[in-house]
Each structure stands twice: as structure tokens, then as C-alpha cells.
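In case you want the letters, here they are:
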Amino acid sequence: MNKNIYKLLFAVLLMIISAINVFAENNTKKEKGFNPTPHILHHIADSYEWHLWGNVSIPLPVILYSEGSWDVFMSSAFQHGKSKVIKGDRVYKIDHHHIVEENNKEFFNFSITKNVASMFLSVLLLLIVVFRAVKAYKKPKRAPQGVQSFLEPIILFVRDDIIKSNIGPKYEKYTMFLLTVFFFILINNLLGLTPGAANVTGNISVTFVLSLFTFVIITVSANKGYWKHLVKPPGTPIALLPIMIPIEIFGVFTKPFALMIRLFANITAGHIIIFSLISLIFVASNNGINAVAGWSVAPISVAFVLFIFLIEILVAFLQAYIFTLLSAVFIGLAVKEENH
Amino acid sequence: MEINGIAAIGAGLSAIGAGIGIGMIGGKALESMARQPEHSGMIQTNMFIAAALVEGVALFGVVVALMQG
Numbered sequence: 001m002n003k004n005i006y007k008l009l010f011a012v013l014l015m016i017i018s019a020i021n022v023f024a025e026n027n028t029k030k031e032k033g034f035n036p037t038p039h040i041l042h043h044i045a046d047s048y049e050w051h052l053w054g055n056v057s058i059p060l061p062v063i064l065y066s067e068g069s070w071d072v073f074m075s076s077a078f079q080h081g082k083s084k085v086i087k088g089d090r091v092y093k094i095d096h097h098h099i100v101e102e103n104n105k106e107f108f109n110f111s112i113t114k115n116v117a118s119m120f121l122s123v124l125l126l127l128i129v130v131f132r133a134v135k136a137y138k139k140p141k142r143a144p145q146g147v148q149s150f151l152e153p154i155i156l157f158v159r160d161d162i163i164k165s166n167i168g169p170k171y172e173k174y175t176m177f178l179l180t181v182f183f184f185i186l187i188n189n190l191l192g193l194t195p196g197a198a199n200v201t202g203n204i205s206v207t208f209v210l211s212l213f214t215f216v217i218i219t220v221s222a223n224k225g226y227w228k229h230l231v232k233p234p235g236t237p238i239a240l241l242p243i244m245i246p247i248e249i250f251g252v253f254t255k256p257f258a259l260m261i262r263l264f265a266n267i268t269a270g271h272i273i274i275f276s277l278i279s280l281i282f283v284a285s286n287n288g289i290n291a292v293a294g295w296s297v298a299p300i301s302v303a304f305v306l307f308i309f310l311i312e313i314l315v316a317f318l319q320a321y322i323f324t325l326l327s328a329v330f331i332g333l334a335v336k337e338e339n340h
Numbered sequence: 001m002e003i004n005g006i007a008a009i010g011a012g013l014s015a016i017g018a019g020i021g022i023g024m025i026g027g028k029a030l031e032s033m034a035r036q037p038e039h040s041g042m043i044q045t046n047m048f049i050a051a052a053l054v055e056g057v058a059l060f061g062v063v064v065a066l067m068q069g
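One line per chain: the protein sequences are A and B, in this order.
Using the working numbering, you'd call the opening residue of the first sequence number 1 and step up by one each time.
Using the working numbering, you'd call the opening residue of the second sequence number 1 and step up by one each time.
Derived by calculation from the structure, the hints in this document are not laboratory data.
Even for Gly, the Cβ is constructed at its ideal location relative to N, Cα and C.
No false leads were mixed into what you were given.
Label-pair restraints from in silico Cβ distances: (1) A/Leu41 / B/Arg35: 39 to 49 Å; (2) A/Arg159 / B/Ala15: 26 to 36 Å; (3) A/Val72 / B/Ile9: 40 to 50 Å.
For reference, chain B alone in the conformation it holds in the complex (with noise of 0.2 Å):
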């Protein structure tokens, strides 16, 4: 049970800092598609490569965590 407590807290640590990354990800890339809009489509892609990045980081913590929990 115990355990079990510690991996739920990893998981939404995890979470966390999934959220605040691809916030910034999205964030920044909305802003800078506002400034350029002609150049909407390479940023989309560029955003999504690194909002995965991010995200495979992020999955990484919750697979751990569901192997414990």
C-alpha cells in the first residue's frame, strides 16, 4: 500500500512536469505562429517533435510508476 501511495506521487510528479513543458511548448509556439503566421506549418511540426520529446521523458516516470504501483 505503501508503495502504492509513492508510485501515484511519481506518476503526478511526472505529470507536472509533462504539463509545465508542453505548456511552454505550445505556449511559445502559438505566440511565435501569431508573429508568422507563413511559417505556422513548419513550427506545428517542430512543436510537436518537441512536445513529444517532452512527453516520452514524462511517460518514461509513468511507466515506472505503474510497474511499482
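Same shape as in the complex, but just chain A (with noise of 0.2 Å):
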């Protein structure tokens, strides 16, 4: 038993010290090395096509509006941003993942992109799911079963550890906004995390959408206590009041914006951090000169990979879970009554 384990350790000190080599040996011929940070930003950012492997890509409709006529054809025609697609008098080409129209003329971009194809999938997925657990609460009452068993504990947690904890008694109308809150940040952030799928959670974009809905309805159901914390913050020296009304202004819009960032910058991180691990079987690699040099840092990588990818199931539930808490309190803190 014990001898195993000597062995083992030995074997992770050899891969270790062969990896410590590869790199002392890379950094001598720099200017050939593998450069992982176009391949990161490219699984990053939205795009035109569903790129799946290789040269295997799904083509998404593209709609363009300009000047009172609508353009409409497949992103196939771009021919991955090889090719210009000419329709009437306007020339549209790819140009750093944008469609850019050559005369510069203006135009809305209203495409299916792969980050909203896959808000559809994901929101069709979750209408599923919810409508199958619905009509079994149509049924006279039974034990839960199947969706419905796996829905309930979840909706009840949400709703009742908190929505009602943080609102307070007049939470019913806010129940339905954060549950749909939660549980399209929940889906959008698990299915992120399936190879080939797309990164909607950590598009700026969504997040900001999301973190607007809140900020609208702290702004629309704030009582006049909240108006009142924001001119003139009960029990502060008039002395302070210069400093203190800009800061509790500034307040309202840092929230929602820091809700915007949290999710972004969590869901982006996490996938950077999973591609920069795999990467390094290809810097340590050079790009596939030094095989034995891939395959000694390949088992350390895939093993850090698996234990960022468990934690990022944990971090798609958690952020799933910090923003629907953080904007119920927000929105608690807006409804609540003065008793001072």
C-alpha cells in the first residue's frame, strides 16, 4: 500500500520536473512558442457561426436592417470572414468579428448570433422543463415525481430562503422575476460549460440586461423611505451632507453595475482559466514539435482541468444563487418600512 503511494509521488515529482524543464527550454525560443490567447478570446466572444470542431461549423441567419431594407442571409456567406456578401448596393464583410458595411453606411444589426441561438435553446430547454412540471400540479395531489421532485426542492429554496427572507411579507410579487432570474442564470451557466456551447452568461451584454431589469424594479417599487435615505440620510451631521448625498446617489446605479460585473467577469474567468490549462499542453508542447514534453504536462493539466471544471459546476450555481440574492436584497431594501 504504502509502496504505492511512494510510487505515485514519485511518478507526479518526475512530470513535474520534466514540465519545470519544458519550460526552462521554451523560454530560450520564444518567438516560435504556441500563443493560446487568440484561441481563448475566440471561444470567448460571440460569433456569427457555431463553431463546433475543426472546420465543422452550424451557419446562423444574419438580419440587417439598413436604410428602410432588410438583408437576410446565412453567416455561410461570409465563408468564415473570407468572402463579402454584396446585396443591392451594400457590401458587408467580417472585419475582427464584426460585420462592417464598406461605404460606411449605417446599418442595425439584428442577427441570430451564437450567443442568442443558444439563449433560445437555453430558454426552450427551461420552458420544457418548467411546463412538464406545471401540468403535474395539475394533477390531484400525489407525492412529486420526476421533473417535478427535482424542480420543487429548488423553487421552494429559492422562494422562501430568499426571496421571503430578504423582501420581507410583500415578497409574492417579485417571486416570479427572481425565480426566472435564477434559473435562466443557472441554465445559461451549466450549459456554458458543455464543450462547443456558447458563452452567454459571460457576455457583458446579458448581463447587463439582466442587471437592468433589477435596477428598474428597485427604481419603480422603491417606497419613500428610499427617496428619503437618498436627499437626506436620516442622522447624518448636516456638516456631511456634501459627501453623503453624491455617495448615496452614485449607490443606486454601483449596484446593479457591480450585479453586471460579478456574473461577467465570473463566468469569463472560469473559462479562461479552463482554456489557459489546456493551453499549456501546447505551450509545453511548442505547438506539437516536442511531443514528449506535451504528454509529460498533458495528466498535471487534464487533472487541474477536472478540478476547476467540478468547481466551476459549483461557481454556476453559486452565481445563479449571489445574484438572485443580492438583487432580492436590494429590492428588500427598497420596499422595506421605516421603524425608526
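Reconstruct the complex from the two isolated chains, following the hints.
Rendered as C-alpha cells:
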């Protein structure tokens, strides 16, 4: 038993030493090395086609509106950015992952990009799952089974532990929004972890809209006490008011802004870490030239990726929880009754 | 290349800050949960809120570093 552990330790040590050697060797001929940054950024970014593997990708519809006319075509017409698309007097081409018009004409872009397609997919999945559970509740009362018994504890947890305990007695109005946000973020986080999927919640526009909803709900449902706190924080000396009022007003906008950045950065950082660890193999093997080094780094790298992946599953749940929790806390602050 | 290096240092510094902050929050929360296990649910919720706030500030640093790097 003990002998085996020593053998394993020795093997790991050997691998680490060889990896260190490889890195030392790599530094001397850096110009030729493998640069993972463009690959990582390509994975993080949105795109007009759904890239699966190698040369295989699913074309998605491009919908453009320019000067009263709609131009609709599949993104395969760009041939991975190599060719231009001519519609009437408009010439479209892809420049650094963005569609531009050659004569600098203005146009609105309503394309179904990879993120939008992935969002449709996740919404569809969510609707199927939730409506199956809803159908089960229409039957006469019996023990929950199937999808219902999976969803019920989660919904009850979100309702009782997040919404009810933070918003207070008037919680019922907000359950719909908060539950929707929770499940939307959760399913997109989890789908984002599957290989080949889009990075929806790691897109700042998506998280911006989600936090905008929270901001609007806070602002609309805020009571008198909330506004009074902004213009005249109670118990503050008058000399401090010129400092406190700007801080309070600033705080109104930093709350949803922090929500936006938190979700975006957490999910994006997770994807970048996983990709960087996989890239270590190619960096070590110098893009396939030094195969031995690549093979010796691969087990360590894969083990770390597995570890980070498990953490990312935790983070997927945690971020959905945190977003819902903080939204509930902020709404609760805005609607709670003054009693001092 | 120089900008990249400084951005990486910035990301590392914000990671240190978040590490200290979240470590203290988690440690104190565990301590108080050990003292009063009956309040552990409430302590956990508040721990998550505080950790999320700390982490949010640290992520501002990471995002700025990412944009520069």
C-alpha cells in the first residue's frame, strides 16, 4: 500500500520536473511558441456561426436593417470571413468578428448570433422542463415525481430562503422575476460549461440586461423611505451631507453595475482558466514540435482542468444564487418599511 | 508587452485582495457557526452576501486588467 503511494509520488515528481525543464527550454526560443490568447478570446467572444470542431460549424442567420430594407442571409455566405456579401448597393464583410459595411453606411444588426441561438435553446429547454413540472401540479395531490421532484426543492429554497427572508411580507410580487432570473442564469451557466457551447452569461450585454431589470424593479417599487435616504440620509450631521448625498446617489447605480460585472467576470474568468490550463499542453509541446513534453504535461493539466471544472459547476450554482440573493436584498432595502 | 505584464500584476494584486477578504469572511463565518450552530443558516446567507461584495470589487480589477492585457 505504502509502496504504491511512493511510486505515485515519484511519478508526479518526475512529471513536474520534466514540465519545469520544458518551460526553461521554451523560454529560449519564444518567437516560435504557441500563443493561446487568440484561441481563448475566440472562445469567449460571440460569433456569427456556431463553431463546433475543426472546420465544422453551423451557419446562423444574419439579419441586417439598412435604410428601409432588410438583408437576410446565412452567415455561411461570408465563408468564415473570407468573402464579402453584396446586397443591392451594400457590401458587407467581417472585420475582427464584426460585420461592417464597406462604404461606411449605417445599419442595425439583428442577427441571430451564437449567443442568441444558445439563449433560444436554453429558454426552450427551460420551458419544456418547467411546463412538465407545472402539468404535474394540475393533477390531484400526490407525491412529486420526475422533473417535479427535482424542481420543487430548488423553487422552495429560492422562494423561502432567498426571496421571503430578504424582501419581507410583500415578497409575492417579486417571486416571478427572481425565480426566472435564477433559472435563466443557472441553465445558461450550466450550458456554457458543456463543450462547444456558447458563453451566454459571460457576455456583458446579457448580464447588463439582467441587472437593468433589477435596477428598473428597484426604482419602480421603491417606497418613500428609499428616496428620503437618498436626499437626506437620516442621522447624518449637516456638514457631512455634501459628501453623503453624492455617495448615496452613486450607490444606486453601483449596485446593479456590480451585479453585471460580477456575473460576467465570474463566468468569463472560469472559461479563461479552463482554456489556459488546456493551452499549457500546447505551450509546453511548442505547438506539437516537442511531443514528449506535451504528453508529460498533459496529465497534470487535465487533472487541474477536471478540478477547475468541478469548481465551475459549483460557481454556476453559486452565481445564480448570488445574483438572485443580491437582487432580493436590494429590492428588500427599497421596499422595507421604516421603523426608526 | 510591458502593458501586458503590468495588467497581469494588477490582476494578481486584486486576486490577493479578494483572497484575504474572502478568507477572513469564511473563517469568521465558520467560527461563528461553530459557536452558534443554530444560527448557521442566517450566517451562511450573510457570508455569501459579504463574499460577493468583496469579490465584486476584486473582479473590477480583473476586468480592467483583462481590458488592458
